Amino acid sequence: MADMKDLADAIIKGDMKTAVEVTKKALDEGVEPQKVLNDGLVAGMGVIGKRFKANEVYIPEVLIAARAMKSAMEVLEPKLTEAGVEPVGKALIGTVQGDLHDIGKNLVIMMLKGNGFEVVDAGVDVSPDAFVEKARSSGAKLIGLSALLTTTMPAMEKTIQALRNAGVEAKIMIGGAPITQAYSDKIQADGYAPDAASAVDLAMDLVVA
Amino acid sequence: MANTLKINKIENFLYGKAPSVVRCGREVEIGAGQVIPEINFTLPMMTIDDKNWCEVIKQYEEIIDGVLKRAVRLEVPQLLVEFETLPEMTNRPQWGLEITRLLADKMDRCYRDYGLKSALRLTINDVREFNRPPLMRSGKYWGNLCGILEGSAEAGADLIAIESTGGKEIGDEALVNCDVGASIFALGVLGARDMEFLWNHITDYCNRTGVVPSGDSACGFANTAMVLAEQNMIPRVFAAIVRVISVPRSLVAIRQGAKGPTKDCAYEGPYLKAIAGVPISMEGKSAACAHLSPVGNVSQAVCDCWSNESTQNIRMLSANAPTVSMEQLAYDCRLMNVAASEGIESIIRLRDWLSESDSPLDPQAYVLKPEIVLEISERIIAQDNPYEQSLEAARSATEVLKRDSREGKVKIKENELKWLDMIEQQLETLPEDEEQLIEQMLQRPEFRGKFLPAEYGI
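Chains A and B, in that order, give the protein sequences.
Each residue of the first sequence is one higher than the one before, counting from 1 in this note's numbering.
Each residue of the second sequence is one higher than the one before, counting from 1 in this note's numbering.
Chain A on its own, in the form it takes in the complex (with noise of 0.2 Å):
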């Protein structure tokens, strides 16, 4: 019979095969679709996802778990939506216009996608009109913008703007290295990530609770 924790201990060592096995196995023996998402692959992510919090492992570890968990995924979400099932969340991440910088919008995205959400990449120099498109056509519940430079920090605020003109109601997180909480509170953002890990922390708190 297929054992969760031998799916959840897959993720974690990153073994794609076995936790598409397991998935698989499962799914034939009847165990319900929520169950395997819950006690198999979000489980073997919390885990990861705690030892990168320790310090214990690096991204490239949380990514190859990701990748395992992405490739269960494939088996699963068909069977989930059949049940009903909705991911996590949606979200959608870019980074704010006149700025190129991307590795960190990139990690947060790597991050969520590890941690059930489904996730629109709105990519890099993005205007304020294209957020408000992109969120649109996405229906995103979480956005989540990423500056870099002092000099886009104010594009943030023009976009937050234009979200809420728009009527866009989704949560909005910001983050970047010259970001604060209280430059958050002053544009008024849902909430501020000081980095990848937290971002998913935060992501949780304003879509799931």
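Worth flagging that the hints you see were computed from the coordinates, not collected in a lab.
The reader is advised that the hints may include incorrect statements.
To be verified - Which chain A residues stay away from chain B? Per the calculated CB distances, all over 12 Å, these: (1) 57; (2) 125; (3) 136.
Stated by the list, open to error - One side of the interface only, derived from the structure: several residues of chain B facing chain A at Cβ under 8 Å: (4) 45; (5) 86; (6) 129; (7) 130; (8) 133; (9) 138; (10) 233; (11) 312.
As the list claims (entries may be wrong) - Stretch by stretch, here's where chain B covers chain A in the computed footprint (C-beta under 8 Å, at least three residues): (12) 67-76; (13) 100-107.
None of these values were measured; they are calculated from a predicted model.
Glycine included, each C-beta is placed from N, C-alpha and C at the ideal position.
Starting from the known structure of chain A, arrange chain B on it as the hints suggest.
The following block gives chain B in isolation, referenced to the frame of chain A:
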């Protein structure tokens, strides 16, 4: 470039002295015996647009006035000022050139009125990656970059630098995956090819105008790695190895005619000085205002210019941040130069203190230790082309870190030792021939569409 080091003896590897001296600006001599402060700065949080342009100008006026006044007060013998354009200032060249003119005029006046010897380095922000995938050799952004370059001499720049980004399309992905093969491809193949094209263009302009082509930096690669390692995102050993891999790429600028001082944020500078003999600008503890690092002292050990990387024009208790940095750099340089005035033994003593205070504690500091720089540089220059050199750089850095951690000379965390083995295994799978690596990388699905091979002559 000859297959011998320009500096091959540790007793000749000294701060303030480089085999090739650069003379520029208002009587500035770099690498001739004194360490020179290099001050950098940027705007506080503000928008750069037509409406705000007067305010932008006022900011730069305030910065340079404060910096020059403090330099005069502290009797700084020579000063290098770096102005690095922000993307808007490359994309509208007349903006970048207007600020260049403003700074140059103020420095001229200060030289006339107070005798402050100075030179202005204009660093062009590379905007080519506004296109995704980037167009490296044509198009609007390349045109903008050329526009500011072509106006730089007339605007008063004494030196030209750039932080070029060729290969960064692959570099970021390589870093977060600790993929040493992709890092070598990004730096030693794509980066090196782009540098050859770009620096040929820059030096051609400089030869026509008398502006000094100074240097490039692997900032977008190796400093990104350093910052990620500082945040515990990637292993420090990987960041250390990426730093050494970046050396052959930065050497391409020099092969194409760059004279130095190399860019301050090019922490690979000591290798460039040992191999090519050019003076180098470095930053370390003085740059904590811009980013944290584990190499605060060792980075200073063989520098010729000493920089603060960049600081926002914001008010501190004493003065605005660029003025504060100016004072810190002035005192650091004063100490180094007084030690130098007492003779070579004092220089070596201070150099070794700077080196030994950091290098045993972190692999990134260890690969900047002067003795290690010479050892690895010898191995790099024994190779024929940037790819082979980058491969050798990675191999030798890995080997040295494994060897010297076993001997207790450098502290490497327990959970990082396995990464050295994993990197070594990755290196064993890489081909000796560049064409084979290119073929392998072109086959990788995750890289498809991220870069345009033709833009790199592939």
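Status of the hints after comparison with the structure:
| no. | hint | verdict |
| --- | --- | --- |
| 1 | 57 | violated, 7 Å |
| 2 | 125 | violated, 6 Å |
| 3 | 136 | holds, 23 Å |
| 4 | 45 | holds, 5 Å |
| 5 | 86 | holds, 5 Å |
| 6 | 129 | holds, 5 Å |
| 7 | 130 | holds, 6 Å |
| 8 | 133 | violated, 12 Å |
| 9 | 138 | violated, 19 Å |
| 10 | 233 | holds, 5 Å |
| 11 | 312 | holds, 6 Å |
| 12 | 67-76 | violated (count 0) |
| 13 | 100-107 | holds (count 5) |
Of the numbered hints stated above, those contradicted by the structure are hints 1, 2, 8, 9 and 12, listed in ascending order.
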